[in-house]
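Please take these sequences and the hints and turn them into a complete structure.
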Amino acid sequence: MTEAQPAGVHTVDALLEVDGISKRFAGIQALGGDRGLTVDIGRGAFVGLIGPNGAGKSTMFNLLSGVLPADSGTVIFDGKDITTATSHERAEHGIGRTFQTPRTFESLTVLENVVVGATSPGEQLRSAFGRSWRRHEAGLVDHARDILGQVGLADREAEPVTDLSGGELRMLGVARQLIRRPTLLLLDEPTAGVHPLLQDRLAELLVELHSGGMTLVVVEHNLHFLLAIAEHILVLTQGRLLAQGPPADIRGDPAVISAYLGEDHAA
Amino acid sequence: MNWPQLLITVATIGSIFGVVTLALNLQYARGGMINFGIVAYFAVGAYTYAIFTQPSPKGLDQYAFGLDWPWWAGVLAAGTAALAFAALTGWPTLRLRGEYLALTTFAFAEVFHSFLLNERRIGNGTVGLSNVERPFGDWGPIEEKYVFAAVAALLLLATLLAFRQLLASPYGRALDAIRDDEVAAESSGKPAANMRRQVFLISAVPVGLAGAVYAMFTTLAQPSLFTAEVTFIVWIALVLGGERSVYGAMLGAFGLVFFEEVVRAWPFETVRSAQIAASVEHIFTGLLFIAVLRFQPFDRIQRRMKART
Ligand SMILES: Nc1ncnc2c1ncn2[C@@H]1O[C@H](COP(=O)(O)OP(=O)(O)O)[C@@H](O)[C@H]1O
Ligand SMILES: [Mg+2]
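Residue numbers (this note's numbering), protein chains in the order written: chain A, 1 to 267; chain B, 1 to 309.
There may be inaccurate statements among the hints.
As the list claims (entries may be wrong) - Here are a few chain B residues that sit away from chain A, every Cβ distance over 10 Å (derived from the structure):
{"hint": "1", "residue": "Pro70"}
{"hint": "2", "residue": "Leu76"}
{"hint": "3", "residue": "Glu143"}
{"hint": "4", "residue": "Ala158"}
As the list claims (entries may be wrong) - Which stretches of chain B does chain A cover? Using the computed rule of at least three CB atoms under 8 Å from a CB of chain A, they are:
{"hint": "5", "stretch": "161-170"}
{"hint": "6", "stretch": "177-184"}
In case anyone wonders, no lab produced these hints; they're calculated from the structure. C-beta: ideal position from N, C-alpha, C; glycine also.
Listed below in structure tokens is the structure:
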């Protein structure tokens with residue numbers, strides 16, 4: 001459990017195979033340690049990613065989603081090598097993600113912020129000048145309303161996003177990814193600043209998505225939230241995988257307690 | 001002061017510049033691209049129209065190409081040439097953003113301008129191409145000047161409708177998303193660089209067509225007509241009219257052209273007072289520009305209207 005570089009979860013069917021990825025910022029190793037980070041995410045898994053601030057969790061998401069290029073390593077997703085794929089290509093392949101600091105489109109309404117997450121036929125230049133996209137659009141709007149209901153923003157659809165609180169913006173980011181129906185969803189601290197009642201709702205939603213077959217990787221500082229719903233935990237410290245296993249094992253792991261839990265609990 | 005004549009001129013020139021302002025509005029307000037070389041695409045349209053429709057050279061003409069094609073072929077060629085020029089200039093520049101893009105597009109336009117000045121076989125150097133003929137003439141009882149105003153207004157209307165259709169579609173929504181937050185838009189599957197390139201290319205087409213109409217109207221394609229001043233006038237029109245709305249952009253173009261034409265046509269008593277008026281015009285435009293930037297009246301109006309609905 002405590003070796004620095006475990007081989008990863010060798011499930012029968014890995015959805016995501018990460019092999020030796022690393023990232024430096026201005027010479028400082030943010031992710032990957034000396035040999036790079038190697039880990040597999042099984043198809044349909046519900047993975048919790050934890051670790052102290054600066055451990056490299058968000059950097060890992062940035063590399064997986066193509067927001068930043070990796071310095072080394074390869075990434076195989078759903079059998080395809082996506083190492084050099086751009087961010088939008090990875091999204092098209094089925095990787096969805098949210099951001100630790102919520103990102104929104106300020107000139108769009110709450111509803112539009114969700115609808116825009118989907119790939120509409122009217123986004124092709126040729127069809128944009130026609131009318132055929134309108135039929136598809138109605139379906140998208142209905143779908144977006146459903147999702148807004150699921151994340152507790154049903155009655156806010158017409159508002160500008162500037163009216164939403166930090167927690168609501170976070171939920172909006174989740175909603176925008178859900179309309180894409182990603183195969184793999186990466187959530188970066190989804191509960192931060194979110195109302196406790198809504199947190200429970202989010203937990204239910206994630207469990208539901210998981211049983212629907214979606215593969216989830218969730219970064220969370222709220223261990224109470226995460227350990228209750230995730231099936232497999234990855235512990236990252238200083239860019240390296242410190243431990244991984246089921247939540248029960250992680251809770252009792254002395255190395256994890258001193259490196260991570262200790263920080264929160266002892267303080 | 002001949003007001004009817006003045007208004008017709010404003011309608012014609014205003015429509016032509018309105019088209020260019022609309023293109024800039026699409027590129028900047030929706031695509032997030034600063035094009036400080038827009039005059040070059042306008043010039044490409046005008047020169048292409050001239051080259052395709054003018055007679056082959058004779059006598060003192062130094063230009064080498066005159067295809068003598070009908071006017072509509074010249075118009076089509078102008079749009080195509082502007083598109084090709086946008087593809088050519090967009091390829092190296094669109095990797096750049098913000099002020100870097102502004103500087104490179106500006107530099108491109110300056111290079112093109114100096115090419116026009118110095119290349120005799122294509123554009124006849126500083127003299128330009130002056131064998132352009134007006135294609136329409138009077139249409140029955142309708143005088144030629146009205147025909148021209150109608151043609152220019154029609155081009156403006158067509159551009160407006162096409163852009164509106166585009167921006168009201170999911171394509172426009174994706175563009176807005178990319179401009180607001182490119183990283184988040186990419187993470188939602190929007191190919192930002194690709195869409196920006198498309199916007200850059202398609203917005204060049206009406207600018208080329210406007211250049212063709214301008215060449216017909218002035219019967220001239222000359223480097224002095226296509227200086228950086230044109231770029232700045234169109235930018236000022238865009239900012240004056242409120243960059244957020246297509247109607248504002250058009251209004252800005254008409255307002256500015258009207259103002260310039262009034263100053264030009266005003267029956268001044270002396271040459272001196274005409275000179276003073278010309279410089280006061282520039283100062284006034286500059287002050288207006290600063291005031292609009294400072295107080296952003298159009299954005300306020302729009303926000304108030306939005307809040308009410
Ligand atoms: N864009 C960036 N530029 C420079 N340094 C960065 C950048 N992103 C992350 N870092 C650094 O990389 C390390 C890992 O950061 P991050 O992945 O955000 O950690 P976590 O999400 O686990 O808190 C930190 O030391 C952070 O300061
Ligand atoms: Mg983080």
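Against the structure, the hints come out as follows:
1. For Pro70/B, the condition that its CB be more than 10 Å from all CB atoms of chain A holds, with the nearest at approximately 27 Å.
2. Annotated as non-interface, Leu76/B keeps its C-beta farther than 10 Å from every C-beta of chain A; the closest such distance is 19 Å.
3. The Cβ of Glu143/B sits about 35 Å from the closest Cβ of chain A, beyond the 10 Å cut-off, so the non-interface label holds.
4. Non-interface call for Ala158/B relative to chain A: holds, since the shortest CB-CB distance, roughly 12 Å, exceeds 10 Å.
5. Coverage of the stretch 161-170 of chain B by chain A holds in this model, with 5 residues showing a Cβ closer than 8 Å to a Cβ of that chain against a need of three.
6. Residue count for the stretch 177-184 of chain B with a Cβ under 8 Å from a Cβ of chain A: 6. That meets the three needed, and the coverage hint holds.
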